[in-house]
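Protein chains in written order, with the numbering used here: chain A, 250 to 567; chain B, 250 to 567.
There could be a bad hint or two in this list.
Note: identical chains are not told apart, hence a pair may lie in one copy or across any two.
[What the hints assert, rightly or not] The list that follows gives simulated cross-link-like pairs (lysine-lysine, DSS-like), each with its CA atoms no further than 30 Å apart:
| no. | residue 1 | residue 2 |
| --- | --- | --- |
| 1 | K396 | K275 |
| 2 | K266 | K396 |
| 3 | K506 | K282 |
| 4 | K519 | K282 |
| 5 | K521 | K339 |
| 6 | K339 | K524 |
No lab work stands behind these hints: they were computed from the structure.
2 protein chains.
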Amino acid sequence: MQQTTLIIHGGAGNIYKGMLTDQQEKDYTEGLKYALDQGYGILRQGGAATDAVIAAIVAMEDNPLFNAGRGAVFTKKGLHEMDACIMDGKDLGAGAVAGVRNIKNPIRLANEVMLHSGHVFLSGSGAGDFALQQGLESAPDDYFFNKERYEQWIEIRDSNFYQLDHKADNLKGVAPNTDHKFGTVGAAACDAQGNIAAGTSTGGMTNKRFGRIGDSPVVGAGTYANNATCAISCTGHGEYFLRAAVAHDISCLIEYKGLSLSAACDLVVKDKLKKMGGEGGLIAVNALGESCFSYNSTGMNRGMRNSEGQEIVAFYGE
Amino acid sequence: MQQTTLIIHGGAGNIYKGMLTDQQEKDYTEGLKYALDQGYGILRQGGAATDAVIAAIVAMEDNPLFNAGRGAVFTKKGLHEMDACIMDGKDLGAGAVAGVRNIKNPIRLANEVMLHSGHVFLSGSGAGDFALQQGLESAPDDYFFNKERYEQWIEIRDSNFYQLDHKADNLKGVAPNTDHKFGTVGAAACDAQGNIAAGTSTGGMTNKRFGRIGDSPVVGAGTYANNATCAISCTGHGEYFLRAAVAHDISCLIEYKGLSLSAACDLVVKDKLKKMGGEGGLIAVNALGESCFSYNSTGMNRGMRNSEGQEIVAFYGE
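For reference, chain A alone in the conformation it holds in the complex:
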């Protein structure tokens, strides 16, 4: 019998025990559980992996705890510019958007791009025009306002620093991060037909400028799905994930070298990416319903539920 699995993340970074208050831990637990409920509910009813991925991500986009949708961070200009991508492992269909504003659920827009645009990757105000044409739900700037995010931004807006929402390094150009919030969200699923899909959604880096695009909306970097290998969603310092083509590299290690899902993920995340200096992590699932988390940061907000009755919600490293 085909195993169904949903796996999600809400950002990786310097997350360690004692860092979150009891209330924060409770809020994150609830947020991740609710996303699992929404996404896995679709798989349980025999729904498609893509729909489960969208439902789980929408739940996190609507939750201001996460740096995606409603909780997206502020750019240098005080705006919210969001990126998202979805990929369907059945036919390698893909849709992505970069730098979109005032879209309530960027992952839904990425799905519209995949299904109805004739394209794969749309950006900026043009992607906004496409959203209007497709009747996607918009939201005013106020909807995205969040006091904590605003204060993060105020602290660094007059500098040229930018910060990953989920990172505590002192990398060149990256401000010391005093942030307790963690970022990018993603989901990967295997449905009852043995189809797999992955999606990622993010507000990017606080104080980002120059229309910076990270790995999240880039097919093969932050997001990838192929029934023959795996479905992957990444989170971390996007520039490294782009240069390493992380998600596609894992797929190739499985397809061409015969590595297992977890061996391929760990080789890329804990060895190759770490040697480059890239901090972060990812979630993965394959068409057997097997899944894994892999991260080289202290922790990663994460969750998993499958038809074997397993459920995980966790934050800290093991």
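Assemble chain B onto chain A, guided by the hints.
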């Protein structure tokens, strides 16, 4: 002794003998030869692969024959929105821009992104702000005006058709292409130190809208370089190249399956990509200075020069 090689393309598509007039053939030959001169001149003097790639691409960006820089096609709104990417195989450094306007040489901007932005991928007006800050040469809209391109656009601007500049299919959404011009440009090089690099620059599709981004500026799709495997620049129907992560797939076939450069290129272009329905081609070089062309279209504008004294300039299929 280390072999040095420069390989370039000026777009792939339905290019067949008798299609180009003698004058057009002469103009393209001159354009490609000039690009080889500019790029190979740097390799001959012991210069870096990245600099050779930039010089060859700048030569084609400055030539209105090609759909990049000066010759960029018109968007739905009558603008010129250009994409470019460069990658350095020595350290997997990469820089890319998407949807930039009024930049004389987008490949130079991609290089600035790689060297001086702290990022990999910038887009839209934000990338334009970065160009200003870095003192990149700008050019007014007039500079990009070209009568033939304008007429191509006028023919379809009131439709929802878009067209690849170098394609004659009747794909859904793609207008029958009566165009004799061929598009996207790219270069890959191996220098005397055995370092390799690749770059790509394009105006994208005539009448494109919604801020569409193709494969050209996407690391791992239209452009990729890794000293351990290969340097690749692609041209063709970008949506397929994005979904197939073409350039990175070739790198993985070499790294993980031990395929030769040409076997890996042909497997991806003539088998995998063709089965998906993706038309186009690519150029490739490795750190031994070996190079190859691969395309599944009728022809590809292409050139190669190396330290063995070989030189190729060709258009049609063999």
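A quick look at each hint next to the structure:
no.: 1; hint: K396 <-> K275; verdict: within (20 Å within a copy, 64 Å between copies)
no.: 2; hint: K266 <-> K396; verdict: within (25 Å within a copy, 65 Å between copies)
no.: 3; hint: K506 <-> K282; verdict: neither (35 Å within a copy, 41 Å between copies)
no.: 4; hint: K519 <-> K282; verdict: within (27 Å within a copy, 46 Å between copies)
no.: 5; hint: K521 <-> K339; verdict: both (28 Å within a copy, 15 Å between copies)
no.: 6; hint: K339 <-> K524; verdict: between (33 Å within a copy, 15 Å between copies)
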